[in-house]
Amino acid sequence: MARYGMALDYKNCINCKACETACKEENGILMGADKHRIWVGTGEIEGQYPLLDLTSNVFHPSQCQHCDNAPCEEVCPTQATYTDENGVVRVNIDQCILCSYCMNACPYDARYVDDRTMTVDKCNFCAETRLARGETTTACQNTCPTKVRIFGDLDDPNSEISEVLRTREHYSLKAHLGTKPKLFYLT
Amino acid sequence: MEVEISRRKFLQGTVAMSVVGSAALSTNLLSSSHGSSAKPGAVSFHNTKTGSDKGHDVATLCEMCVNKCAALARVENGVVTKLNPNPMFPKSKNMLCARGNAGIQALYDPDRLKFPMIRIGEKGEGKFKRVTWDEAYSAILNGTDKFPGLSTILEEEEDNRSSMLFCAGEGMAEHTFKQFYQAFGSANWLNHASICLQTVASGYGVTLGSYPQADLENAEYIIMAGANRAEAIVTPDTMDLFKRTKGRGAKMICIDPRFTNTSAKADKWLAIKPGTDLAFVLALTYVTFTEELQNNEYIETHFNSYEEYKNSVLENKYTPEWAEPITGIKAEDIYTIARDFAAAAPKAVYYPGRRSTFAKNDFQLRRAMAIYQALHGAIDTKGGLIFGSKIPLKAHEGLQPLYEKAKARAVVKSTNKEGEAGYDDCAVVSGGGSWIGWRNRFLDGKMPYKVRGMFCYKHNPMMNMPNTQKTAEMLRKMDLVVTIDTMPSDTVMYADVVLPECTYLERTDPIKTFGGVEPSIAVRNKVIDPMFESKPVMDIMKGLTTKISKPLFEISKKFDEEIQDLIDEDGEEEAYAEFDLTLPFLHTQEELNHHAVADYPGAAEKLHHDGVFYPKQDDYYKQLSANEHQYYPENKKSYSVRGGKPVTPSGKVECVIGSFASKGIDPMPVWRDEYEFSVPAGKFKLLTGRHAQFTQTGSANNAMLIDLMPENFIWINKRVAAEKGIKFADMIEVSSSIGSTRLKAYPTEKIAPDQVFFIHGFGEESEALTWAYKNGGNDNAIIEDTMEPVYGAAAMHETNVSIKKV
Amino acid sequence: MALRELVNKIVPIKEDFSIKSLLGFKKTPLNVLVFFMIMGLLLLLVWGLAQFLMHGHHAYNVTREHPWGLLISGYIFFVGTSTGLCIIASLGHVFGIKEFNHIGKRTTLLAIITLLPGFIIILTEIGHPVTMMIYNILTPGITSAIWWMGTLYGLVLTFIILEFGFALRGNHKWAVRLGIGGLIADVAAFTTLGSVFAYLVARPIANGPFIPLYFLLTAVVSGAFFMFMIYGFKHKLNFPEEVKITLVKLAKILGLLLAVTMFFEWWRIITAIYGDMPERADTMMRIIASTSFQLEVLFAMVIPFVIILVSKGTALKALFFSSIAALISIFLMRNDMVHHAQMMPMQMLKKTEYQLAPTWIEYSPSPVEWAIAVGALGVCFLLYYVAEKAFDLDEDDHH
Ligand code: SF4
Ligand code: SF4
Ligand code: SF4
Ligand code: SF4
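Chains as they are written, first to last, in the numbering used here: chain H, 3 to 189; chain F, 761 to 1566; chain A, 71 to 469.
Just so you know, these hints were derived from the structure itself, not from any lab. All values derive from a computational prediction rather than experimental measurement. Some hints here could point you the wrong way.
Result set (DSSO-like, lysine-lysine): computed pairs, CA atoms no more than 30 angstroms apart in a straight line [stated by the list, open to error]: (1) F:Lys1142 with F:Lys1210; (2) F:Lys1237 with F:Lys1142; (3) F:Lys1484 with A:Lys420; (4) H:Lys182 with A:Lys420; (5) F:Lys1484 with F:Lys1564; (6) H:Lys176 with A:Lys243; (7) A:Lys314 with A:Lys79; (8) F:Lys1565 with A:Lys420; (9) H:Lys13 with F:Lys1142.
Reference excerpt, derived from the structure (chain F facing chain A, CB under 7 angstroms, subset only) [what the hints assert, rightly or not]: (10) Phe1420; (11) Phe1473; (12) Phe1488; (13) Met1491.
Each residue gets a CB set at the ideal place from its N, CA and C atoms; glycine is no exception.
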């Protein structure tokens, strides 16, 4: 019993995409442009060469926000999407009917269809692989060169993530939607 | 479950992959039944979800690029399902990049070379016949009706062992192959140096005595010029640096003609004109001298010919105002940088960089950078450039017999320069030689003797050096080409005999010691047994030398009078013992590795289990958090090992190297007008470079990486593109004086209006590569073979190109 | 014939109904044309279903960013029309507008036969229909609009089939009771379908009470258009007096609803644009700039409204033709609505090195999606034809 979350020191990110490959290899994710649980977004640079706006070029690592108040879970007609005992939002593929409602309801584009099972898939904090083996890091966190991610139990006041969130400023994506993400971007 | 997909579909990113056991990999690729067209209609590749029980981990080292990061390979039922970072290794600090993760795809690449093959078609046609290892070795020795073997060649060349060229790409087993070269007795060795680090390494080497590392973990001011650590990952630099940029400890000034991912992380990005960094450094140096910013104490004890250099810089008036029009960097920026750098010193780094030669003046640039750094005393200090320490390994004996008839390296002494010791294509011949110099000499018929064949290990000259057409011609002209590789690369297509090496996950490689602030020894342990009929190069060498050693000795006996004398003196058996090519390969790699660390109790076991060893490791190594590990306590780190003293023979920083003058090289860095950047109207300077999800041609066929970046695009300035009516993804033909290539357009403001850029390594022509075949543009098809004058290294950014929408 | 008995138990079948009677239509050119049209539509559907069975969702052009496509819209079109017809059918018996009494049975039937193709479509839209049946019951997601919508439509179908059966048997008391039940369930179901979109908090263009109410309004509008089409066709534009009176009345109601719909649209547009709120104003600007939206307003609202206004509802022939155009427009309008909700990407950054930053998400249905959505119309027509032969649809006016 835990309530897992992730803090992202996103300014460390160099857009190397190690996290994306690690996720695909760990969790056996399909190849293909829109088949991914995790991604790093970048904006096109603003300004004219050589007067470019350095701040317009962010590297923004992202994945499912594991919303405490998850719209995807709320809209699922068969409870295929559920929050497990560790606060991880997951999909039970036996129950998923591929109505795609959750894909539309997720404000973060975190979900996609796995072409093998024809059910919806998303980041599950490596719950079926690493966490199931008792490991305490996710594949994306572990492999990252600049250690963007800190994964841990938000309910444990002594965990590294709790400590970081107490001491460093952070924000959540689309917080105004009330989804209560458990991904925190450290500033 | 297995899903077979077509290449086209895959590239559209619509369909996907499969989870297949290794046995399911198609086994008929490139075999004779496929004839010239080895391209499979369908491919499958490996992507398995890891299991939920504790797996079995093998400690190994990554070989997806040159960094050798430590990995733990998870093996489930004989299948490698995941590569994880090995946290124990101080160099890679618990990380594995995208390519490192994608190593599994290199292992299970359906296009891999699976069997020994010999050529049955025309050279370069890619038509091969599958043979046994023994047949392949025999073909190398005796040839076939299509090509001559070693015995014919050596017979005809009267035992001139140098009539065979040996070339190798970088890698931990390069050493093994090199031992074969040494035992064989040729003088012609070419490695990647002249198309890689030559001028950087040597520039620092002659100036400071060694190519130093940068302590980016502690530096407070960093000039990152022409180095792209976010995209061309170097460990531990990349990890150390970007945790501290953007106002978090290290101020970084990025100097690059392109806006790279590194520029994006900089506090300031200065767009410099390509090839003018030397003027920038000289101007910085000028400010240092005029404003007395240098560390006089350090200079007094550690500099040679300081005054001479100072006078040169001052007399030549390398002012920031002078540099401004040359570099395109504002004078005031240069003043500020010089002052800030000095203020931060010794915790200041002018980053040495780690890349190919771009401009002809690169060697002088590196010298100027080294001197500039040293002027601030930021050498061998925490936060500056460091020499670090290294844990010694026990060497093992090789075999380097002397063949009387073996000629010296095929170089030609200069005839057109006045009475000095230079060569006609470069001033200094380094150990790795000048690849394009050698190749062009070969093609121009300027060899002092005939070179008839080559052994090529883990090396892709077709793709890796400027002017692909010339390389093809050279390969076509070679009587015997033997390639040892894992993939059917463009070069392999020109081979007469193809020997399939296993990938890095299927072999144990020579142990290696890694120097630095936190030195350690690491090893690449075999993860799974070699697939198909592939073998580690050690075994290949063993098999090959067993086959050829005696027969070649027989040839030597005929021509080599010294051998004849030796036999007369000691008898044949003892004489042969000195020429027995099999000797270096008698032991297994594991045995050799054991021997190498025999001085350290417990090291061999530790290396076997953890992959990493250093003395007191158990006391020092600590996990600090989920992400961070301590390797050495702060006071045990090798920041300063020589009290700042350079490693040069004189123990001083060498500002002026008198001996260069006689070779037509500037003895100290000066600017010359011909270095100025210019592009004819309507043309563009072609820049090339690296990418974090792609390691040159070596990863061009990696399914996972191609998934991340399906092809390379050419960067064209947005405004220029708009003028020319070029839109995103339009097909562009890029041509230079030597050829043309095609790829899609990426209009962007990240590049200057008179330059274009694309990533190196795409656009292979080997049909046996499902994903890489004709995918994207090949820069070396259009980069002219310009050489830098000192080492004959290929200067990659000296080509002007024109572009047109097609 | 077991099926016949089964059906007969619920809804009485005419004595003289047989396969032979089915094929015994007069071979006039129009009838033959209609025959081939229905066959063509059915073939299209069969092909589409075959593709679906072979390739599943791969046969569709839906994507990660645009997971709902033409099939959802086709579904909305049919079930919406059905809801409209159900409401119109109840005008007589439930609401006591006596001009509508005599069309009750036929309209109820029309509601059934438009509902069924909707169900066919949604079964091909749901990736795993069987799993759906199981887990809708085992693990109901009661916070899910789709769960309620599905459950309510199950109820609707039961209600109106029974209602139809009682009506045919002349059991008016139960017909009316079930009619009321059906009406409530149907209105609830279709507005719940609207709420599927309305609940999408992340999509300001869809979020809020507009879509459910709009669904309710346009359901009646599309039902009315459907009536005009069917009656026009049935009477070959030669309306008997009794029918004429009903249709003129219906036209007037339609006119009123169209006026309200247009006001609805107007205020929705203005409030969306006003204040320039990101993701709402820009999406709306793009919507009103699109041709399909303009055509939909013109053909489904403005033209029929003008015809009704000018003729005071009596230009039934013009209305017949305009109804066909209006139904096509409503079909597109449903598609537009589904597309508009998904047009704005939820993630605006580039994810790979060489791509343009995401802008508006495009979607155009695949041939298979078209085949299923349009082919389902064949089922609708076929069922109507069979029902005409099989059931006694004309009201005996004994009350
Ligand atoms: S691995 Fe880390 S640095 Fe690389 S892209 Fe992912 S988050 Fe960014
Ligand atoms: S980010 Fe999306 S998929 Fe993840 S919990 Fe939130 S709504 Fe669900
Ligand atoms: S697609 Fe699957 S997980 Fe998503 S809402 Fe529908 S049933 Fe639930
Ligand atoms: S940097 Fe990446 S590719 Fe290179 S050795 Fe390390 S993990 Fe492998």
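Between Lys1142 (chain F) and Lys1210 (chain F), does the CA-CA distance stay at or below 30 angstroms?
Violated - the C-alpha atoms of Lys1210 (chain F) and Lys1142 (chain F) are around 52 angstroms apart, more than 30 angstroms.
Does the alpha-carbon distance linking Lys1484 (chain F) and Lys420 (chain A) stay inside the 30 angstroms limit?
Holds, at about 25 angstroms.
Is the interface hint satisfied for Phe1473 (chain F)? The criterion is a beta-carbon contact with chain A at less than 7 angstroms.
With a minimum Cβ separation of about 4 angstroms from chain A (threshold 7 angstroms), the hint on Phe1473 (chain F) holds.
Holds or violated: are the alpha carbons of Lys13 (chain H) and Lys1142 (chain F) at most 30 angstroms from each other?
holds, 25 angstroms
Can you verify the interface hint for Met1491 (chain F): is its Cβ closer than 7 angstroms to any Cβ in chain A?
Violated: closest Cβ of chain A sits about 13 angstroms from Met1491 (chain F), beyond 7 angstroms.
Is the straight-line distance between the alpha-carbon of Lys1565 (chain F) and that of Lys420 (chain A) 30 angstroms or less?
Holds, because 25 angstroms separates the two Cα atoms, which is no more than 30 angstroms.
Would the stated hint for Phe1488 (chain F) survive a check requiring a Cβ distance to chain A of less than 7 angstroms?
Check passed: Cβ of Phe1488 (chain F) comes within 5 angstroms of chain A, closer than 7 angstroms.
Quickly compare the C-alpha distance for Lys176 (chain H) and Lys243 (chain A) to 30 angstroms and report which way the hint goes.
violated, 54 angstroms
Proposed proximity, Lys420 (chain A) with Lys182 (chain H) (alpha carbon, max 30 angstroms)
holds, 25 angstroms
Proposed proximity, Lys1564 (chain F) with Lys1484 (chain F) (alpha carbon, max 30 angstroms)
With Cα atoms ~8 angstroms apart, Lys1484 (chain F) and Lys1564 (chain F) stay inside 30 angstroms; holds.
Hey, Lys1237 (chain F) versus Lys1142 (chain F), does the alpha-carbon distance stay inside 30 angstroms?
violated, 53 angstroms
Hold the hint about Phe1420 (chain F) up to the distance rule: shortest CB distance to chain A must be less than 7 angstroms.
violated, 42 angstroms
Violated hints for the displayed structure, listed by number in ascending order: 1, 2, 6, 7, 10 and 13.
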